[in-house]
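These are the residues of each chain, in order.
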Amino acid sequence: MRRFDLKHVCEAQQFDRELLDVVFHTADAMKAALAGQNPYARVLENKIMASVFYEPSTRTRFSFESAMTRLGGKIITTENAKEFSSAAKGESLYDSTRVINGYADIIVMRHHEAGSAKRAAEASDIPVINAGDGAGQHPTQALLDLYTIQDNFQGISGLKIAMVGDLKYGRTVRSLSYLLAKYDDVRISFVSPPVCSMEDDIKEYLDKHQVGWEAQEELEQVLPNADCVYMTRIQKERFVNPEEYKNAVGKYILTYEKVQMMKPEAIIMHPLPRVNEIPKEVDGDPRARYFEQAQNGLYIRMALLYLLLQDE
Amino acid sequence: MRRFDLKHVCEAQQFDRELLDVVFHTADAMKAALAGQNPYARVLENKIMASVFYEPSTRTRFSFESAMTRLGGKIITTENAKEFSSAAKGESLYDSTRVINGYADIIVMRHHEAGSAKRAAEASDIPVINAGDGAGQHPTQALLDLYTIQDNFQGISGLKIAMVGDLKYGRTVRSLSYLLAKYDDVRISFVSPPVCSMEDDIKEYLDKHQVGWEAQEELEQVLPNADCVYMTRIQKERFVNPEEYKNAVGKYILTYEKVQMMKPEAIIMHPLPRVNEIPKEVDGDPRARYFEQAQNGLYIRMALLYLLLQDE
Amino acid sequence: MRRFDLKHVCEAQQFDRELLDVVFHTADAMKAALAGQNPYARVLENKIMASVFYEPSTRTRFSFESAMTRLGGKIITTENAKEFSSAAKGESLYDSTRVINGYADIIVMRHHEAGSAKRAAEASDIPVINAGDGAGQHPTQALLDLYTIQDNFQGISGLKIAMVGDLKYGRTVRSLSYLLAKYDDVRISFVSPPVCSMEDDIKEYLDKHQVGWEAQEELEQVLPNADCVYMTRIQKERFVNPEEYKNAVGKYILTYEKVQMMKPEAIIMHPLPRVNEIPKEVDGDPRARYFEQAQNGLYIRMALLYLLLQDE
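Chains A, B and C supply the protein sequences, listed in that same order. Going left to right, the first sequence walks through residues 1 to 312 as my numbering numbers them. Going left to right, the second sequence walks through residues 1001 to 1312 as my numbering numbers them. Going left to right, the third sequence walks through residues 2001 to 2312 as my numbering numbers them.
Since the hints were derived computationally from the structure, they do not count as laboratory data. Misleading hints may appear alongside valid ones.
[To be verified] EDC-like cross-link-like pairs, simulated, lysine to aspartate or glutamate; straight-line CA separation at most 20 Å:
#: 1; chain 1: B; residue 1: Lys1280; chain 2: C; residue 2: Glu2220
#: 2; chain 1: B; residue 1: Lys1031; chain 2: B; residue 2: Asp1105
#: 3; chain 1: A; residue 1: Lys31; chain 2: B; residue 2: Asp1105
#: 4; chain 1: B; residue 1: Lys1082; chain 2: A; residue 2: Glu55
#: 5; chain 1: B; residue 1: Lys1280; chain 2: C; residue 2: Asp2125
#: 6; chain 1: B; residue 1: Lys1082; chain 2: C; residue 2: Asp2125
#: 7; chain 1: C; residue 1: Lys2082; chain 2: A; residue 2: Glu83
#: 8; chain 1: A; residue 1: Lys168; chain 2: A; residue 2: Glu244
#: 9; chain 1: B; residue 1: Lys1208; chain 2: B; residue 2: Glu1237
#: 10; chain 1: B; residue 1: Lys1031; chain 2: C; residue 2: Asp2125
#: 11; chain 1: A; residue 1: Lys82; chain 2: B; residue 2: Glu1083
#: 12; chain 1: C; residue 1: Lys2031; chain 2: A; residue 2: Asp105
#: 13; chain 1: A; residue 1: Lys280; chain 2: B; residue 2: Asp1125
#: 14; chain 1: C; residue 1: Lys2280; chain 2: A; residue 2: Glu91
This is chain A alone, in the form it adopts within the complex:
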C-alpha cells in the first residue's frame, strides 16, 4: 500500500485514484472492525483531536468525534470558535491555529468562510481536516458519497449517476462530479430546473476528462437507467417566482411511485438533512441508502484520522 502522503485534507481535488483506493480500502477495514472485535479500538489512544467549529454542525461534528473515539482517541471540542475572532478581541485564524497546535494532535475545522481551511493548514504543523468551509469545500462529504457508490457496486467505472435538485449551489454534487471524473466510462445526468442547473465550470471539466453528461429537466426520464440517484434539497430562496418554486419542488420529489421506475439494484442517496424531496415512505425501500451513506461518513473519517495520525 502506498504511503499515505497527505498532510492536511482541505479539498477533494487532493485525492487522486490511488489515494482514493487507499482511503476506501482503509474505510472497508474500519467497517469490518466495528462489526466485530474492533482491533483499532486503542490505536489512537494517546492522540487528541480538536473539533474547532466556527458554526454548529452537530451531525458532522458527531461523525468526526465518534470516529476519533472508535479509534481510542480523545476529543476537545467547541461549537463556539467564532469567539476566537470576536469583534472585541479580533484574533486571527493564524494565531488560533498556532495556539491549538500546542494542545492537540489534529484539528477538524468547520468555518463560515471559503478558503479558511487552507489558511489554517498553512499555519499548522499538525494535520487540519476541513469539515466544511462556507461556500468552499467539504471534502469528507465528497469522499463518503463516492465511497457509498463504490461500496454498493464494488466499483465506480461504467456507472450512470443522476444528480437531482439544486445543482448550482449544491456543494456536494459539485465535489462528487470532480471525483467521478477520475473513473472510466462514468455517465452523469444533471436533473434540475433551469434556475438551479449545474455551472459551466463543472461541465467543462467533465468534457476535458471525457466524462459523458447530459442536462435534463425531467426526473422521470433518468430514473429507469440510473444506477445511482443522488437527491438534494431545492431551496426556496433560489427562486424569484414563488409559482416556479412550487412547480420545481413538486417535480423533483422522489415519491414512492417514482422509485418503482428505478432498476432493482439502483441506489438512492441524499447528503441529509432532507426536507420533503424524499418522502418517509421511501425509507423502507431497499434502494434507499441515505442513512447508510451517513454511516459511511463514520468509516471514511475513521480511515482519514487513522491514516493521518497512525505513524506520528
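Model the placement of chains B and C on the given structure of chain A, informed by the hints.
Coordinates of chains B and C only, in the frame set by chain A:
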C-alpha cells in the same frame, strides 16, 4: 435477578415494582463501587453515549455524562441540538435519530416538546433515555427521587410523604406520585396554595390504587408527621394576583424553625434548583438531603446505562 | 519535595517561592514527558474534571482539557454555565458547586464576576481552579507567564522585565508583578501611555518588597536593556480622545525594526490574543516566544492537575 427487559426509558410508568427493585439494587452496587476500587470503571469502555440536548440543562447533562464516564464509556455531546431542526434546514427528529444511531450506542435526549422521547425511541435501534421532554416526563428524576427515599428508609411501604409547593405544574411531584402508588400503605399530603394544587388525574389514580392522600394548605400541619418533605419551587408567573403570590411564597418556605417541627429521622428533599423555598441555613441540618438526592442521580443513571448497555 | 498543600487555586498570591518551585519543577517533568513516552498518560485515569465556564474562553478551556486528557483524565464540559443562574431559575453558585461536587473530582471555573472562584471554593469539597473570574484573577495565566521566563533564563532573579501597553486594566501584568516580587534583584519597567499606567497599589507593593521599578512612556528607551518584553493589547475604549488612542497604538507596536534593538538573548511575550501590537513578521524572530508561552500553559495546567489530584 430478572433480565432487564427495557429497551428505552421514556416514562416513569414503564417501571413496575420488580424493575424498580432491579434498578435500585444496581444503583446500590454503583454507589458502593464509587466508594471503593470501582469494579465497573471499564465495563462500558467501548460504548459511546450521545448527549443530544435540544435545550441546555447542564446539571442533568453532567449527571449523565459523569455516570457514563464512571463506567468507562465515552461521550459525544451537544447543547445545541435545535440546530438539527433549524428553520433553515428543517430536519425531522426521526432523521436526526436515525443518523445518530450510526455514531453512538445510546442516546440521552432532552427536548422541549412533550412526547419527543417516544418519537425518537420509535426511530431508534439503540436505546433512548428521556432526560426531560418539555411538559412531558423526566423519568430518571422520578427514579432518583424514589431511590433517595428508599435509600434513606430501606423501603418505601408505610411512609408518609408531603409534597409542597407548585403541585399543579411540577413534573417531579406528579411522576413521584405515580411511582409511590406501586408501594403499599403509602400516604401522601399535597401541600399547596389552591392555585397550584395537584391535578385531579393524579388524585384519581391514587384512589384507584388505594393510596391515601389529603390536600392541605398549611405546611405546619404536615411537618410533625411526615417522613419525607418534598419541597418544590413556586413560580411567580402562576399567580394572577401579586399579593397572593407574596403570601404563598412566605407560607411555603421551609425555614430552619419549621424544620425543627419535623421528626428527627425525617428527610427534606428538593429536585433543585431551589430559589428561596429552603434557606441556606437548613443545609447543615442532618435531615437536609437534597444534595445527596442530586448525587443519587449519578447512581441511578449509572445503573440505567449499565443495565441498558451491558449485554449488547 | 514539599507536600503540595494547596487545596484550591484561586489567586496568584497563594503561591510562595517554594510552591512556585514545586509547580515549575512538575511542569518541567510534564514538558519532558510529552516529548517522549509520556509516563503520566494514565495517572489520572479515573478522575473527572468539570469545565464550568460561565462565559466562553475556548483557548483557556482547551488548554485545561488538553492537560487533563494528557494525564489520562476525563472531561465534562460546558460553556453555558450561565444557564445555572438563569433569571428563570436563579440557582446560586453555592448550589451549583455543591451539585457538581457529586459528579466530578475537580472543577475548573471561568466566571464573569470577581471573587466567584473563592466563593465556589468555599462551597466545594473537591479542588476548584480559577480559570479567570472577571476583573479578578487568572492565576494559571500568571503562573505560565512566570514559568516561561524561568524556562528561558533558568531563573528569574536579576532579570529586567519590561511590561508594555495597557498596564492599568491588564490582569496579567498585575499578577505577574506580584509574582516577580518573590524573586531577588528583579527590575521592572512599566511602559505605557499615561492613561493606561500601572496602578499605585502595585507600585507600593513592589516598593515594600524592594523591587526596583520605573515608569516610562518610551518603548525604545527600554528595549536595549530588557531581558523580557511583555506586550499587551491597548484597548480603544480606554481613551477619551481618539487622536490620543491613535498615537498610543502607534507608539506601543513592537515592529520588526524595534525588535532589532533588543538583546539577542532577550524574549518577547504576549498573553494572546494579540491584535496589532506585534506584527506577524516578528513571529519568525527567535526572540518571539508567545506561542511557546501559550504552550507552556499546557505544562503548568498538567502540573497543577497532577499535584491537586494525584494523592486522592
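*Given pair status - Asp1125 (chain B), Lys280 (chain A), alpha carbons within 20 Å*: Holds, because 17 Å separates the two Cα atoms, which is no more than 20 Å.
*Are the Cα positions of Lys1280 (chain B) and Glu2220 (chain C) separated by 20 Å at most?*
57 Å, violated
*Is it true that the CA of Lys168 (chain A) sits at most 20 Å from the CA of Glu244 (chain A)?*
Within the cut-off at roughly 16 Å; holds.
*Does the structure keep Lys1031 (chain B) and Asp2125 (chain C) at a Cα separation of 20 Å or less?*
18 Å, holds
_So if I understand the rule, the pair passes when the alpha-carbon distance is 20 Å or less; does Lys1208 (chain B) with Glu1237 (chain B) pass?_
33 Å, violated
*Lys2031 (chain C) and Asp105 (chain A): Cα distance at most 20 Å?*
16 Å, holds
*Would you check the hint for Lys2280 (chain C) and Glu91 (chain A), treating anything up to 20 Å between C-alpha atoms as holding?*
12 Å, holds
_Agreement of Lys82 (chain A) and Glu1083 (chain B) with the hint, judged by alpha carbon distance not exceeding 20 Å_ = 16 Å, holds
*Given hint Asp2125 (chain C) paired with Lys1082 (chain B) - CA-CA distance at most 20 Å*: Not satisfied, since the Cα-Cα distance of roughly 35 Å exceeds 20 Å.
_Hinted pair, alpha-carbon criterion (20 Å max): Lys1031 (chain B), Asp1105 (chain B). Please report holds or violated._
24 Å, violated
*Compare the distance between the alpha carbons of Lys1280 (chain B) and Asp2125 (chain C) with 20 Å, and conclude whether the hinted pair is satisfied.*
17 Å, holds
_Just to be careful, I want the Cα atoms of Lys31 (chain A) and Asp1105 (chain B) compared with a cutoff of 20 Å; is the pair within it?_
16 Å, holds
When each numbered hint is compared with the structure, violations occur for hints 1, 2, 6 and 9.
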